[in-house]
Amino acid sequence: MAEALLFVTMGLVALAGAVTVVIARNPVHSAMGLLGTLLSMAVLYVSQLAHLVAAVQVIVYAGAVLTLFLFVIMLIGVDEEERREDALPHQRRIVAVLSGVIILFAGGLILFGNFEWVPAATSTIPSATNGTVSAIAEPLFTDWVLAFEATALLLTIGAAGAIALAHYRRREG
Amino acid sequence: MTDSLWLIIALPLAGAVFLHLFGRYLKEPLAGWVASTAVAGSFAVALAAAMPFIQGGEHSQTVLLWEWMPAIGANLEILWDPLSALMVLIVTGVGALIHVFAIGYMHGDERFARFFTYLNLFAASMLTLVLAGNYAMLFLGWELVGLCSYLLIGFWYFKTAPPPAAKKAFVVNRIGDFGFMVGLMVVFTTFGTLSYAGIFERAGGELTTGMATLVGLLFLVGAAGKSAQIPLYVWLPDAMEGPTPVSALIHAATMVTAGVYLIARSAAIYELAPAAQVTVATVGALTALWAASIAVAQRDIKKVLAYSTISQLGYMFLAVGTTAYVAGIFHLMTHAFFKALLFLGAGSVIHAMSDEQDMHKMGGLRKVMPVTATTMGLATLAIAGIPPLAGFWSKDEILGASFQRGGWFSVLWVIGLLTALITAFYMTRQWVLVFLGEPRWDEGKHPHESPAVMTVPLMVLGLLSVVGGLVNTPARQALEHFLEPAFEIVTLQHPPEGVGMFVLLAGLSVVAGLAGVAAAFLAYRQPREAWEAFEHGFEPLWGTWEQAYHVDDIYGRVIVAPGRRAAEAAAFSVDLPVIDGAVNGAAYVVRRLGEWARPLQTGFVRNYGALLLAGAVTVVIWLVASA
Amino acid sequence: MVDAGWYMALAAAIFFIGVVGLLLRRNALVMFMCIELMLNAVNLTMISAGRALNDINGQVAVFFILVVAAAEVVVGLAIIVSIFRLRSTASVDDLSELRG
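Those sequence lines, one after another, are chains A, B and C.
Per the working numbering, residue 1 is the first one in the first sequence, and the count goes up by one each step.
Per the working numbering, residue 174 is the first one in the second sequence, and the count goes up by one each step.
Per the working numbering, residue 801 is the first one in the third sequence, and the count goes up by one each step.
Keep in mind the hints are simulated off the structure, nothing from the lab.
Heads up, a few of these hints could be off.
[To be verified] Examples of chain A residues toward chain B, derived with CB under 7 Å:
#1 Q91
#2 I94
#3 L98
[To be verified] Cβ-Cβ distance ranges computed for the label pairs, FRET-style:
#4 A/G108 / B/Q774: 28 to 36 Å
#5 A/A106 / C/R885: 22 to 30 Å
#6 A/G100 / B/R764: 35 to 43 Å
Note that CB positions come from ideal geometry on N, CA and C, so glycine has one too.
The following block holds chain A by itself, in its conformation from the complex (with noise of 0.2 Å):
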């Protein structure tokens, strides 16, 4: 019960925030709509007893990557209006074309369609220690180690090439 009104709740503040993303004409705006959808996210997760992901979800996704993107706005200045046309002539009408047709066929799949979103799913209901950090920690050291191992480099490489391109050389002159 609860759940399902967590569900909807925060189903109907994700797509919201979606579509203020994509329709809000100052860049800002649409970072706050990222945001609502990052945060309604993070609580469907929670509803799903993935707490550790939730709590990483906010930290990282809301608290730093939002964060980065609303410095870079600040930084490049971009806040002034998009022009209503669009540049490219075809481009709304492919887009059009093909948003009707996943819609259609989505749609048809999932109303006439019968089939198994999961197919091999249990009837066991996760008890609530399922995403707990001791219970994420276990697969991630043991068998995805490697891969652990394989983003930490990654971050570090990320971070040094993000500051590699982005930094200011003062000119002679």
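Put chains B and C on the given structure of chain A with help from the hints.
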């Protein structure tokens, strides 16, 4: 002994390779001596290996050198029988003498070593041809000597005349080769092999008269090309553009005899085709007469000898056409002696006269060049058929065999006799114009006798021209016995038996020869105005002879010009618009396609993203729909 | 418990909105945010599937996606900043040198 037969071909071949790689580093005469030694070495090996045949009783052998295409009977194999042995001895013996002569003749030439590379290569090729144990290897040698002929005729390629002459030789030969190749194909389809062993023994049983005649005629086409008979002789006079040793070796003593050799070797096939025999003999006789008439009016010392060669080859064809194979080969041998001598002597004269070749500008050279004059005189008598020199015995045997065969061959005999008279005439004319009378040469020429390296081969050949005929007199037919094993399966034609007939026929040809000699002497042992008037007296005939009956001109208009027009049509009406058009058109289409597809590359990320999405949607829908 | 299918449908919707936004907006930063939307939709799908299958690996996968997305954002924003310094524009339509 037969184990070392491969050396015969290998020595000059190695010489050619060696000189090709290192010739330029050798000081001048050394390259020539290397080449001469190689050929002389082949002669020595051949002589040693031929002893069993000379002593008599030995049978032919086939020595396999390398399996090349056994399925069609084409291996590198040597057939060592008296015929091939004799040919080898002639080629290497006379060839070695000519090599030595060339050391003197080519003195000072920039490409001295290169010349001997080609000469050695030629020797190796000719020996391949002659030693072949199957038609494929023979054809290999056949083509290679054609190549060497081309290379050597065009040796002085920087002059204007030699390159077209070389090309002409090659192209006309090619026409003959076409006939030869078709003949080979017929042989192959009939016998399933090209090996002599597989063909000649079975010929009697498996070859119909019609097929044999066809093969015989096709081989004649090839032989006519290589041995300069009607109608494919036109390349030989032009080939005189090459250095004189080349003319001596290739276009007198050896390469041009390949056609005669081919027919002699294929005797088993000709045995079954009387019609082909008649054709061969007739072509030979007519060519002999035709060429002799042209030789009468020539001014260039080498052209006389060129037409003389064509004429004498005609005699050889007459012989083999009459199935007097021994007579034909006999004349091949004696002709090699005196014709090589004549050419080398001419070379000696040309060398002394600083490359003057017009006989009207010579005269009186006997005093300055006694050795050359004497040896050439002996050769002239030999070719005129004056006994007891070599030419008499061989020519007479041919004429005798023709007479004996009778019927149509009697007519050919008359032609042969007439030709003998004319031959004696024009050869004596040449000798008198060059060596007797008052000097007529230009200012600045200082004729002198040639050095020993050139005169010694002349003397050796002179000796051979004198005594060479004695190997096959009617009294002691040594050559015939020598060659017998090679012609076991065919019936040889002989001159009439009996001393009486011999004296009669020989007497007739001697009379003809003496008549020719005397006529020439009378006409030309005169002051210049006299014999010039004599020559003018025969106009317009004399002019026609001098122009070789305008044959080159006729060929040019009837064959060459239409051929050129056809080639131009093919090039400009077919190749250019159609083939080039297709290729260029294909490229054009591709380019247009590219231009049509280019607008897809807008450069905008969002367009690409949209395309991506479209593709992804298509794939997903398709996957779901097919699941 | 809410069925996994509902969550996945929601995720699909968010993903779709992200795609459309990516194709229709010109501002590089907003396009980037749309990419983040798509990644979040995927994360939601993973979590839902993991719960339905009672497999912890769904959440592990999300963990990694999160990390990689963060790294990607870092580098991507650095690139956008560099381009802006060079061209004074943040509109992707102005970067069409690869036009054929």
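Hint-by-hint comparison with the structure:
1. Q91: 6 Å, holds
2. I94: 5 Å, holds
3. L98: Hint holds; A/L98 Cβ to chain B Cβ min 6 Å, cut 7 Å.
4. A/G108 / B/Q774: 28 to 36 Å: Holds: the Cβ-Cβ distance is about 34 Å, inside 28 to 36 Å.
5. A/A106 / C/R885: 22 to 30 Å: 41 Å, violated
6. A/G100 / B/R764: 35 to 43 Å: 37 Å, holds
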